[in-house]
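Given only the sequences and the hints, what does the whole structure look like? Please build it.
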Amino acid sequence: PPPTCDTAGHVLVASRRSVRRLAELEEGEVAALFWLAREVGVAVAEGHYEAEGATVAVQDGSAAGQTVPHVHVHVIPRKAGDFEENDEVYAALEEEGAGVGEAAAAG
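Under the working numbering, the letters of the sequence shown match residues 35 to 141, in that order.
FYI, nobody ran anything at the bench for these hints, they're computed from the structure. Cβ coordinates follow ideal geometry from the N, Cα and C atoms, glycine included. Don't take each hint at face value.
Label pairs and their calculated CB-CB ranges [as the list claims (entries may be wrong)]:
# : residue 1 : residue 2 : range
1 : E61       : A114      : 30 to 40 Å
2 : A114      : R54       : 27 to 37 Å
3 : G95       : A65       : 14 to 24 Å
4 : A97       : S52       : 13 to 23 Å
5 : E118      : S52       : 16 to 26 Å
6 : G115      : R51       : 31 to 41 Å
7 : A125      : V102      : 17 to 27 Å
8 : R51       : V90       : 28 to 38 Å
9 : S52       : A114      : 28 to 38 Å
This is the structure:
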């Protein structure tokens, strides 16, 4: 089966204020969002799940694969070899998002 982002420690970090696009956040909100994403990466991904790093990703807008209509940052724990090709994580992220979008639409 193809790899997925349904990996232990995959965390979504959302802005406190719900907006659709990253550009709608104020400068301080962007700083807080990415500061928290960094802290989650260190504490959760690397600390608790003993990952060697983390993929930090934002799907900003539906053309970028965003299926949930509010800004959020994916923090995905990573270990060497977890995907055959490193960039496969993005296809897995989009595949996961498609399932979330379908579930939200069914509602």
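Do the hints match the structure? See the list:
1. E61 with A114: 30 to 40 Å: holds (36 Å)
2. A114 with R54: 27 to 37 Å: holds (35 Å)
3. G95 with A65: 14 to 24 Å: Once the Cβ atoms are compared, 21 Å apart, the range 14 to 24 Å for A65 and G95 holds.
4. A97 with S52: 13 to 23 Å: This hint holds: roughly 20 Å between Cβ atoms.
5. E118 with S52: 16 to 26 Å: At roughly 36 Å between Cβ atoms, S52 and E118 fall outside 16 to 26 Å, so the hint is violated.
6. G115 with R51: 31 to 41 Å: holds (38 Å)
7. A125 with V102: 17 to 27 Å: holds (18 Å)
8. R51 with V90: 28 to 38 Å: violated (20 Å)
9. S52 with A114: 28 to 38 Å: holds (36 Å)
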